[in-house]
Structure formats: structure tokens, C-alpha cells
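**Student:** Protein sequences, first through last, are from chains D and X.
In terms of the working numbering, the first sequence opens at residue 1 and continues consecutively.
In terms of the working numbering, the second sequence opens at residue 1 and continues consecutively.
Heads up, some of the hints might be wrong.
Just so you know, same-sequence chains aren't split out, so a pair can sit in one copy or run between any two.
[Unchecked claim] The calculated DSS-like cross-link candidates involving lysine-lysine, where the alpha carbons are at most 30 Å apart (straight line), are: (1) Lys200 - Lys80; (2) Lys327 - Lys20; (3) Lys327 - Lys79; (4) Lys332 - Lys286; (5) Lys20 - Lys332; (6) Lys327 - Lys286; (7) Lys80 - Lys327; (8) Lys261 - Lys327; (9) Lys20 - Lys200; (10) Lys272 - Lys200; (11) Lys20 - Lys272.
Because the hints were derived from the structure by calculation, they are not lab data.
Protein chains: 2
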Amino acid sequence: MMSSVDPMAIRQGDRLALAKALTAIENGTPESQIIQEALFPYTGNAHLVGITGASGTGKSTLVNKLALALRGSKKGSLKKIAVIAVDPSSPFSGGALLGDRIRMQDLVGEEGIFIRSMASRGAMGGLAHNTAAFATVLDGAGYDPILIETVGAGQTEVEIAQLAHTVIVVEAPGLGDDIQAIKAGILEIADILVVNKADKPGAENTVRSLQAMLALAKGENSLLAAGKHMRQQLTSKMRSPEKISKGWAVPVLSTVATEGKGTAQLVQMINKHRAYLASSGLWQVKENERLRRDLEVIIHDLLVDQWERQVDPDQLEMVVSEVIQRKYPPVKAAESLLSIKS
Amino acid sequence: MMSSVDPMAIRQGDRLALAKALTAIENGTPESQIIQEALFPYTGNAHLVGITGASGTGKSTLVNKLALALRGSKKGSLKKIAVIAVDPSSPFSGGALLGDRIRMQDLVGEEGIFIRSMASRGAMGGLAHNTAAFATVLDGAGYDPILIETVGAGQTEVEIAQLAHTVIVVEAPGLGDDIQAIKAGILEIADILVVNKADKPGAENTVRSLQAMLALAKGENSLLAAGKHMRQQLTSKMRSPEKISKGWAVPVLSTVATEGKGTAQLVQMINKHRAYLASSGLWQVKENERLRRDLEVIIHDLLVDQWERQVDPDQLEMVVSEVIQRKYPPVKAAESLLSIKS
Numbered sequence: 001m002m003s004s005v006d007p008m009a010i011r012q013g014d015r016l017a018l019a020k021a022l023t024a025i026e027n028g029t030p031e032s033q034i035i036q037e038a039l040f041p042y043t044g045n046a047h048l049v050g051i052t053g054a055s056g057t058g059k060s061t062l063v064n065k066l067a068l069a070l071r072g073s074k075k076g077s078l079k080k081i082a083v084i085a086v087d088p089s090s091p092f093s094g095g096a097l098l099g100d101r102i103r104m105q106d107l108v109g110e111e112g113i114f115i116r117s118m119a120s121r122g123a124m125g126g127l128a129h130n131t132a133a134f135a136t137v138l139d140g141a142g143y144d145p146i147l148i149e150t151v152g153a154g155q156t157e158v159e160i161a162q163l164a165h166t167v168i169v170v171e172a173p174g175l176g177d178d179i180q181a182i183k184a185g186i187l188e189i190a191d192i193l194v195v196n197k198a199d200k201p202g203a204e205n206t207v208r209s210l211q212a213m214l215a216l217a218k219g220e221n222s223l224l225a226a227g228k229h230m231r232q233q234l235t236s237k238m239r240s241p242e243k244i245s246k247g248w249a250v251p252v253l254s255t256v257a258t259e260g261k262g263t264a265q266l267v268q269m270i271n272k273h274r275a276y277l278a279s280s281g282l283w284q285v286k287e288n289e290r291l292r293r294d295l296e297v298i299i300h301d302l303l304v305d306q307w308e309r310q311v312d313p314d315q316l317e318m319v320v321s322e323v324i325q326r327k328y329p330p331v332k333a334a335e336s337l338l339s340i341k342s
Numbered sequence: 001m002m003s004s005v006d007p008m009a010i011r012q013g014d015r016l017a018l019a020k021a022l023t024a025i026e027n028g029t030p031e032s033q034i035i036q037e038a039l040f041p042y043t044g045n046a047h048l049v050g051i052t053g054a055s056g057t058g059k060s061t062l063v064n065k066l067a068l069a070l071r072g073s074k075k076g077s078l079k080k081i082a083v084i085a086v087d088p089s090s091p092f093s094g095g096a097l098l099g100d101r102i103r104m105q106d107l108v109g110e111e112g113i114f115i116r117s118m119a120s121r122g123a124m125g126g127l128a129h130n131t132a133a134f135a136t137v138l139d140g141a142g143y144d145p146i147l148i149e150t151v152g153a154g155q156t157e158v159e160i161a162q163l164a165h166t167v168i169v170v171e172a173p174g175l176g177d178d179i180q181a182i183k184a185g186i187l188e189i190a191d192i193l194v195v196n197k198a199d200k201p202g203a204e205n206t207v208r209s210l211q212a213m214l215a216l217a218k219g220e221n222s223l224l225a226a227g228k229h230m231r232q233q234l235t236s237k238m239r240s241p242e243k244i245s246k247g248w249a250v251p252v253l254s255t256v257a258t259e260g261k262g263t264a265q266l267v268q269m270i271n272k273h274r275a276y277l278a279s280s281g282l283w284q285v286k287e288n289e290r291l292r293r294d295l296e297v298i299i300h301d302l303l304v305d306q307w308e309r310q311v312d313p314d315q316l317e318m319v320v321s322e323v324i325q326r327k328y329p330p331v332k333a334a335e336s337l338l339s340i341k342s
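Generate the whole structure from the sequences, applying the supplied hints.
**Tutor:** Structure (C-alpha cells):
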């Protein structure tokens with residue numbers, strides 16, 4: 001099969017080839033698989049940093065400033081930074097809104113920064129799946145770190161958080177009562193907490209309530225324990241080596257992204273967390289878990305594909321109509337289609 | 001197999017048996033399947049009403065008032081109303097918060113109203129799947145309508161919305177800028193819009209901006225068109241008969257749930273939408289689609305179960321470690337495990 005995107009061109013820094021590869025992933029073309037496979041041996045180096053939080057927290061502006069600061073953080077040389085902007089909260093409206101896109105556009109012309117919004121509409125195979133594929137390609141292309149910006153707190157959010165080595169949860173003062181933050185259900189996955197818009201009234205309170213929640217989480221019946229339980233739920237039936245480390249104390253930082261205040265400290269903390277992951281062995285644990293999950297998802301997809309290719313469509317339609325007539329329940333129908341005795 | 005819950009007791013109105021059946025579903029026990037299968041022939045009657053919106057909109061209070069109003073809406077007799085409270089936005093904290101639970105407790109003692117919070121933590125097989133199973137059992141038990149309350153706007157949300165015949169999206173004034181409502185990405189799935197806390201400042205503005213968005217959505221490049229596109233994406237590869245009807249103009253209602261204001265109008269509108277669904281044939285279309293999707297999900301689960309039972313765990317571990325060493329990419333590994341030639 002002829003491939004119109006040369007994976008080695010991506011390795012050599014061809015941004016157009018890179019952009020085309022990401023589009024191929026979004027469109028779910030067979031070529032996207034070929035590209036990922038070709039780049040796979042070169043992956044495993046990039047620091048994947050998830051940045052999540054409700055809209056209204058100024059998250060996009062923060063990501064913008066962070067990308068610029070990270071690029072210059074390595075002495076003597078510029079790093080290649082990538083930003084993936086995902087909007088899983090809007091399955092219908094096709095991804096980021098104009099407002100976000102405009103703010104993000106600031107980075108489009110910057111050397112060494114590659115930015116891509118993920119179209120959530122029409123995403124073949126799910127947002128989390130595509131985000132992982134984007135990360136593979138950008139990692140293989142030598143981008144490091146890769147910032148993954150997401151909105152909301154659904155299941156997709158959790159999946160994307162699992163992908164990242166470091167998860168930053170962004171809050172802001174005045175977004176509703178304190179309980180709101182708990183409801184979001186994403187605090188438990190945070191490695192770093194950021195209170196953005198720290199110049200606004202109530203910022204001190206937001207910092208304090210986050211710190212109080214973190215302190216609470218150290219107890220036995222804690223949010224962290226709940227998070228751990230959930231992670232165990234989420235991990236597959238395959239044997240999983242993940243352990244929740246107690247060696248990292250989640251910090252609460254304050255930023256004013258519009259003025260660049262606190263960005264340098266956040267960069268330091270991101271790098272500190274990376275060093276912690278490496279020295280504790282957690283980096284390798286996370287990496288292994290991720291590949292294991294990838295493999296599992298692919299296996300499931302292939303199983304469904306196999307079945308769909310071999311099923312008789314007329315038989316399927318007949319069974320569907322018998323279920324609709326309530327002749328027998330869906331489980332019985334499925335078992336008969338798969339020739340399983342219950 | 002001995003079953004400790006008698007499905008016929010559920011049919012006859014035994015609330016304890018019903019509660020036990022729902023617990024069996026949450027725990028994913030084999031018995032839960034038996035119960036669903038026994039009740040399946042009696043299902044297909046209940047009006048499933050989804051009520052969704054961000055936290056802070058007073059949604060739980062509205063659902064509470066709505067359940068009471070619906071119960072008395074049929075002249076001369078009380079209806080049996082069920083409420084399923086789902087909190088998919090909090091995968092870690094185990095479902096509804098204390099605040100919500102307390103408000104919901106108002107209904108616990110009410111005759112003819114059955115209420116159940118779904119524990120999202122530890123939900124086997126996913127929230128959307130369990131919500132559908134809950135609806136099946138409650139439908140079979142004669143509850144009608146069944147109110148399904150959810151929070152957030154993730155993929156789980158969309159799946160639960162697909163389950164409902166009628167989707168009510170609740171907004172409230174002062175929850176952030178107008179763009180927030182669009183970001184939520186759930187307006188496109190609304191059959192009825194409600195601005196609750198309509199006595200608060202800014203309520204008029206919220207109503208107007210929702211109406212403006214609905215007007216906008218009638219255009220060609222509309223949110224509705226995007227929604228339709230998404231629905232097509234979501235529906236399976238099996239042939240799907242769903243058509244988006246143009247016969248229903250989404251109304252915007254105002255309520256003050258704490259005082260019961262607007263509740264009667266909302267009940268009327270819910271019943272009007274039900275009548276519309278029946279007369280237009282959409283009720284049957286939705287019902288068919290739902291059973292078709294149920295069947296598909298069950299087939300996928302069974303395929304994975306089958307594979308997990310027959311795979312050699314040692315071979316699996318070997319392949320995983322070779323992927324981690326980057327000897328070959330996950331897709332190749334999956335194909336070799338499934339003996340597929342690529």
C-alpha cells in the first residue's frame with residue numbers, strides 16, 4: 001500500500017507531514033496505523049502532561065503560556081513542545097469553540113511549538129483512543145513535553161488522564177460553591193493543582209479549600225483511596241502492576257495566566273514531577289500500564305471487527321426484530337447469534 | 001440456579017424485591033441477568049425522561065417536585081413514578097453527594113414513588129449500561145414515567161440521553177458566561193429546556209440566549225445538524241432507522257423548583273412530548289434503536305468474555321512485555337494474539 005505520509009519525514013521535523021498524519025488518525029484511515037507502527041520504536045521519551053479543568057478557569061491561556069515557558073526551560077536550546085487540545089464535553093459541536101481557538105492561535109506561528117485541536121465530532125474510535133494515537137505520533141516526532149488540554153470530568157476525561165504522566169487540574173475562584181470542585185471528581189487524579197486567576201476575589205479561599213481537601217484525602221476513607229479503588233476498577237483483567245505512590249505530595253500553585261504570573265513555578269513543578277516519576281520507577285510503571293491498555297483496546301476492536309465481518313446481516317436483522325417484538329431478551333439473542341449456550 | 005429475588009414479586013409491587021434486583025445489577029451478579037430476562041416481556045411501556053444539567057442548577061430539587069407532580073397528574077389515580085439518580089461526573093467519589101441525597105430523601109417515604117441513587121463507583125459494566133438495566137427492571141415493575149437524573153456532559157451523558165424518550169436540559173442563571181451553555185454540549189440533545197431558579201437575576205437573559213441558540217440551530221450549519229451527525233456516528237454499523245424529526249419545536253420553560261413554580265407546566269410539556277412521540281412514530285423508532293444498541297453492546301461484551309476465557313495468560317504476558325520493549329507495536333501484537341494476518 002502506498003502511503004502519502006512518510007513517517008521518516010515526521011521524524012525529521014516535517015510539520016506538514018505531521019499534520020497530515022494527525023488528520024489520518026482523526027479520519028481513521030488505514031494509513032494512520034502504518035504511521036503509528038513506523039514511529040512506535042521511537043516513542044516512550046515524551047513527558048505527557050494532562051491539563052484539565054472546567055471552562056472558565058482560563059485553562060487555555062495557561063496552556064498557551066506554559067508551552068512558551070517550557071520551550072525555553074532547557075538551558076541553551078529550545079525544546080519542541082506539542083499541545084493537543086481536546087474538548088470531550090462537546091460531542092456535538094465539533095471540538096473547541098472559537099474563543100479557545102483564537103487564544104490557541106497565538107502559538108501557531110511559534111517555532112518549536114506544534115498545536116493541534118482535536119475535532120471531537122466524527123472522531124472515529126473515541127477521543128481517548130485518538131488522543132493516545134496523537135501522543136504516539138508527536139512522541140515519535142520528538143516533541144517533549146506534550147501538553148494535553150481537556151475540558152470536563154466524564155469517563156473520557158479519566159481515560160485521557162490515565163494517558164498522561166503528570167495531571168494538572170486547574171481551578172479558579174468564583175466558579176460556584178466549594179462543593180463544585182469535589183463534584184468534578186477529577187481532583188483525585190491530580191498530581192499538581194493550580195488555582196488560576198489568583199488575582200480574583202476568593203482565590204485565597206479556593207487555595208485553602210483545595211489544601212483542606214488534600215489533607216482530608218490522606219485519611220483512610222479518603223478521596224485518594226476512592227481514586228485508587230477506581231483505578232483498580234479501570235485497569236483490565238490482565239495483571240496490573242500499578243501502585244499508588246505515597247512519595248509525592250500534591251502541591252497547590254497559584255497563577256495569573258493572563259500576566260504570566262506563576263508560570264515559571266509551574267514549569268519547575270512539572271519538571272520536578274517528571275524527575276520524581278523517573279527516580280521512583282513510576283514512569284516505567286505508567287508506561288507499561290498504558291501499553292497494556294492500548295493492547296487491550298485494540299484486541300477488543302479487532303474482536304468486534306472480526307465478528308462484524310462474519311455475521312450474516314439478514315440473520316442479524318431477524319434477531320433484532322424478534323427482540324423488538326419481545327420474543328426473547330437481548331442477552332438470549334446475543335448468545336444465539338454467537339452460538340453460546342447459557 | 002436458585003434466585004433470591006422473585007421477578008414476579010417485583011411485578012406485583014414488592015419494593016424490597018425491586019431494591020434487591022437493582023443492587024444485583026450494580027454488583028453485576030448473574031442473578032441480575034435472570035431478573036431482567038424475566039421482566040423483559042413486560043417492558044416497553046414506561047416513558048423514560050432524562051433530566052440533565054450542571055450542578056448548581058437546582059436539578060435535584062426540580063426532579064423531586066416533578067416526581068410529586070407527575071404522580072398526581074393522572075386523574076383519579078396515582079401513577080407509580082421512579083427516579084434514577086446518576087452521577088457520572090464523579091467516577092471516584094461514589095455517586096451523589098450528601099447534599100443531593102438529603103434532598104432526594106424527601107421522596108423516600110412517598111407512596112408510589114421509588115427512588116434510587118446509582119453508585120457510580122464500582123459500577124460493573126459502566127453507568128450507561130446499568131442505567132439501561134435499571135430502566136428495564138423499573139419498566140417491568142410498572143413504573144411510568146421513569147425520571148433519570150444525570151450530571152455533566154461527557155460521553156456517559158450522551159449515552160444516557162440516548163436511552164431516554166424525552167430529554168430535559170436544566171440551566172440556571174449566573175452559572176458563568178453564556179458560552180458555558182454551548183460548551184456543555186448537551187443542548188443539542190434537549191427536547192425541553194428549563195431555566196430553573198427563574199426568580200434569580202439574569203434569568204431573562206438565560207432564557208433569551210437559549211432561545212437565540214435554538215433559533216440559530218434551525219439554520220443549515222446548525223447545532224442540530226451537528227447533533228444529527230453525531231447521532232449517526234454513535235449508531236452502530238447495523239442498519240439504523242433513526243430520523244431526526246422536525247415536528248417538535250424545543251420549548252424553553254421557566255421554573256422556581258424550590259417553590260414549585262412552573263412544575264405543572266413542565267409536567268404538561270413532558271406529557272405533550274410523549275403524545276408527540278407516539279403520534280409521530282418516533283416512540284417506536286427510539287425503542288427499536290435502543291434495543292438494537294443493547295444487543296450490540298451485549299454482543300461486544302460476550303466477544304471479549306469469550307476471548308478472555310480462551311487466551312493463554314502466559315502468552316499474553318509475553319506479548320505485553322515485547323510491546324513494552326518496543327519489539328513491535330500494539331496492533332501487530334494484538335493481531336498475532338488473535339492470529340490475524342495484516
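**Student:** Next, verify each hint and record whether it holds.
**Tutor:** Okay, the hints, checked on the actual structure:
no.: 1; hint: Lys200 - Lys80; result: neither (33 Å within a copy, 49 Å between copies)
no.: 2; hint: Lys327 - Lys20; result: between (50 Å within a copy, 26 Å between copies)
no.: 3; hint: Lys327 - Lys79; result: between (63 Å within a copy, 28 Å between copies)
no.: 4; hint: Lys332 - Lys286; result: between (39 Å within a copy, 21 Å between copies)
no.: 5; hint: Lys20 - Lys332; result: between (45 Å within a copy, 23 Å between copies)
no.: 6; hint: Lys327 - Lys286; result: between (47 Å within a copy, 18 Å between copies)
no.: 7; hint: Lys80 - Lys327; result: between (60 Å within a copy, 26 Å between copies)
no.: 8; hint: Lys261 - Lys327; result: neither (66 Å within a copy, 44 Å between copies)
no.: 9; hint: Lys20 - Lys200; result: neither (41 Å within a copy, 49 Å between copies)
no.: 10; hint: Lys272 - Lys200; result: within (28 Å within a copy, 46 Å between copies)
no.: 11; hint: Lys20 - Lys272; result: neither (34 Å within a copy, 49 Å between copies)
The earlier numbered hints that this structure contradicts are 1, 8, 9 and 11.
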